[in-house]
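Below are the chains, spelled out letter by letter.
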Amino acid sequence: MSVAAAIGVDAGSTTCKAVAVDAAGRVLARRVEPASPRVEEQAERMVAELRAEVGPAAALGATGYGRKRIRAGLALTEITCHARGAFECMRRPGVLVDVGGQDTKVIRIGSAGEVVDFAMNDKCAAGTGRFLEVILGRLQVPLGAVAEHVRSATRAVPVSSTCTVFAESEVISLVSSGEPLEGIVKGLHQALASRVAALARSAGPGTDVFMSGGVALNLAMVEALSQALARPITVVPEPQLVGALGAALSVMGASRGARPRAV
Amino acid sequence: MILRRAQYEAAGRVAAPFLATLEAWQRRLRPRRAPRETPFGPPLESTRKLKELMTAHYYQGRYADGAVPVAWVTSGFPVEILRPLGFHGVYPENHAALCGVRRIVPELSDAAEGDGYSRDLCSYARTDLGCVATGKTPVGRLPRPDLLACCTNICQTVLYWYRALAAHFGVPLVLVDTPYVYGEAKPHHVSYVRAQLEELVAVAEEISGRRMDPDALAEVTRKAKEGSELWGECLATATNRPAPWTGFDGFFHIAPIVTLRGTDACNAYYRQLRDELRDRVSRGIGGLRDERHRLLWDNLPIWFAVREVSTLLASRGFNFVCTSYTNAWAEAGSRVDPADPLGSAGVAYTHVILNQDLRHRQETLARLARDYHVDGAVLHSDRSCKPYSIGQVDLKERLAADLGVRVLLLEADHNDPRAWASEQGDNRITAFMESFA
Amino acid sequence: MRRDEYIREQRERYGRKAVAVLPVHHPKELLTALDVLAVEVWGPPGAPRGDDAGRIQSYVCPVVRNALAFLASGGADAAEGVLFPHTCDSVQQLATLAADFGGWRKAAFAFQHPKGPPRPSSRAFLDAELRSLVRELEAFSGHALDPARLDAAVRLHDEIDRLRASLLDAGPRLALSDVELYALLRRGEWLWPEEHAAELRDAQRAIQGEGARAGVPVLVTGYVPEPMAFFDVLARAGAFVAGDDYAAVGRRVVRERGSATGWQRVVERYWTAPPCPTRSADQAARMRHLEGLLESSGARGVIVHGVKFCEPELFDVPAIRATFAARGVPVLQLESELERELSAQAVTRVEAFVEMLSAGRAA
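Protein chains in written order, with the working numbering: chain A, 1 to 263; chain B, 1 to 437; chain C, 1 to 363.
Hints in this document: simulated from the structure, not taken from any laboratory. Ideal Cβ placement from N, Cα and C applies to all residues, glycine included. A portion of the hints provided could be inaccurate.
From the structure, some residues in chain B lie toward chain C, with a derived Cβ separation under 10 angstroms [claimed, not checked]:
hint : residue
1    : ALA166
2    : ALA195
3    : GLN362
4    : ALA366
5    : ALA431
Only pairs whose alpha carbons sit at most 27 angstroms apart, straight line, appear in this in silico DSSO-like list of lysine-lysine [what the hints assert, rightly or not]:
hint : chain 1 : residue 1 : chain 2 : residue 2
6    : B       : LYS136    : B       : LYS49
7    : C       : LYS106    : B       : LYS396
8    : B       : LYS49     : B       : LYS223
9    : B       : LYS51     : B       : LYS136
10   : B       : LYS186    : C       : LYS106
11   : B       : LYS186    : C       : LYS115
12   : C       : LYS308    : B       : LYS396
13   : B       : LYS51     : B       : LYS186
Start from the sequences, fold in the hints, and give me the full structure.
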């Protein structure tokens, strides 16, 4: 069995993720939990669990909103870490769309895995995973059933509001006026996809588009975004862990005194 | 050039009326739907003529560039000065409203937002910049401008917007910068506007390659003044009970006075409309079948929801009998003097409602409320229009206290449906109507 | 010292009246020559407070919303007048809202500066508008405009601008943090100009050799540096401001040395100030100015630090993006609502941006 070389923690606003990697960057162990308000304690416990599983790793890297509250060897923003993690998995430049719980990032990754440019949604939750979560919750559609709903929809019922609060009432009135639930759920995905696509429009033609973040696990959303951008989208393996992976790789590079790997 | 000119003339004189007639025939040939229960009175006959007029204007516009000089013009610009020089005027605000009614603003705005324009900017500007970026328009094609003509009497926004257009098209931008009127306009403010109009004449002469004919300018000015007065006469018919049309009809019939001001076609149209409205008054025909309450509307229309809001209100007998928006184009004429076209234009265009302080606005609203015998008012708090909206919270309380009428502050946007919550909006309007019971 | 205490002290000690001034451009030389203290009102930061906070809709720029709440709650009562420049639709409406519908009962002045590039009409108008403002301020202050005092005031403000420019241009040679630098520069928003000039002269000692300041140089353009915590975040991330185009700061520093004196220099200073969208400067001229700042400062990235709903600034963002994209210079857009602190998301953006610029240097 490989020896753990580094641990990365991504303390996000919705979930906290941790991975242990070996010297070659392979993920040996992982943890994903809903975020606790006590980031320090949660991160410390998750790291201890990983160390118990794979042995004492040398270095700890942190990212995500809670990164500064974690005692780590290196703290970097999730933009840099997502680019690093995604590049490790995909091994080619491209545009990474990361739809997280509270914010959405579009990161242009260069041919050496570096961040060339990035954009983020504005303050409101309009273009984030939270938008879907709130409204699907209101419709009592469990997340596991979303893809099935969207697949079975014969047509999308347009949802014009992208504001979470407005969309909530719009959707309720669509339900009460007899529109099919499946079509509404599909319409919601299209509304979110158009909002995210607006951020990603800078991606030139021919550029590969990758997707990460918890929302990438929702295949209906990947499909909707792919349609909105009119090009295929590759989901990064284990999309939720990309930030934590990038944090682990970055701290490993830093402790060796090396810059992030160049190709 | 000559061929292009002939095409332009033919488009205006023959093709467009033919198209309009064709459309009217097609409408007649379509199977008639069973008449629905409607709260509205019989439709205005003039509406067909309005469609013809505006269709012809936009259709002719397709062939304008290369044939005649083309100016893109803000709604408050002294267009009278451009007409004698043969300019074809395009009104991006009117065109944007058309896009709003057709509900294509989200995709156009998306394109503008993709170019970096914030969603917090005016939705007219986003619509227009989206049209320019994508070439999409419901009117087939907009002619490319030779001149951008911008007057800041309605807002400063138009200047930022037209600067962007000037950079895009690489054509001259003429500015008429109107100092805001706090209390009284100062003499040097009025002379500044006049001086800019003289500079405008020089630029427009150069672009058109023609010299300004003072007699033609006086004649266009006379027509513009008459048109404004005729429009005022149309609006004034609604002081009667029942009002012969709805305020929302007014939002659509305003198009000629905005875009064709100073032309014979504009005035002929309003004579016809006025006569029809007066005839309806004499016969007791209302815009609503059963007019029970009369309302005042302040600010721009909610273009994408005009039908929705007016139907909701009409269903309970509420009619907008006057709006500060449509009234603005009736007031402009009073200060215009054909004997002094530039001087009087300087005064008239400085004193439009949006360029005067809030006391003036309050007085205007109060006067409209009294003249039109309203018992309620809706102030559209328009996310996209700061100059029209700042002050409405105070105006609401003052109107309610001074006039003893019920006032609703309704938050929406004049052109972007994504900023309008239909459910909440309908709910608020319904609650407002219930308060009259 | 609190500003209201300072205003009272100035009145008691020198008999000077104070005028609260709304953003952005105003002929401060004339106020100085008439012995009137200008105290600028940029918000102030924080959520609008008091009964009048709700009188302006939440979709309006926070500078104007906060200013109304501030004026109406008596925040500027130490001043005896208020001056509203013709900056934008929102400041223009604030002027009538506060003066006509409540919020400000004392003297109110407007400075309706012309828009657009200079034309014969707007040159003549500016002159007439300034003279009209002088007549009103003469009546307010009880002093007549004295040519010798005007000349001295113009020279003082020219010197202030020269001193400010040398600090802003010092870049890595400046032994001050951005927080210290901007605290000093922004004291000019309310100090009597003689005192401000003395502080600026004193601060020139902080200009030392290369390497006095380390980090990634960035160019900042925007409205007003609020919250000031932005500079702390920038410094911790490893960057500093090498080029400044804030409306509140660099865009009011007149760098061109004209030959005119007295009244002619007041007018000349207006027309030669850096291009600003609130005066509807030509967009191409503004882009050339920003490119010049980028080159002279050696900045490696551009931060557009705007205020939410600020139309004049927001309309130029696409041009700024396109201009710097063409040069391969990254641009970060940061939007403030005059919060007291930067949001966690904004901090992340700044840090990620500096991480990106740093990696670019290593490569």
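Please name the hints from earlier in the document that this structure breaks, with their numbers sorted from lowest to highest. 4, 5 and 13
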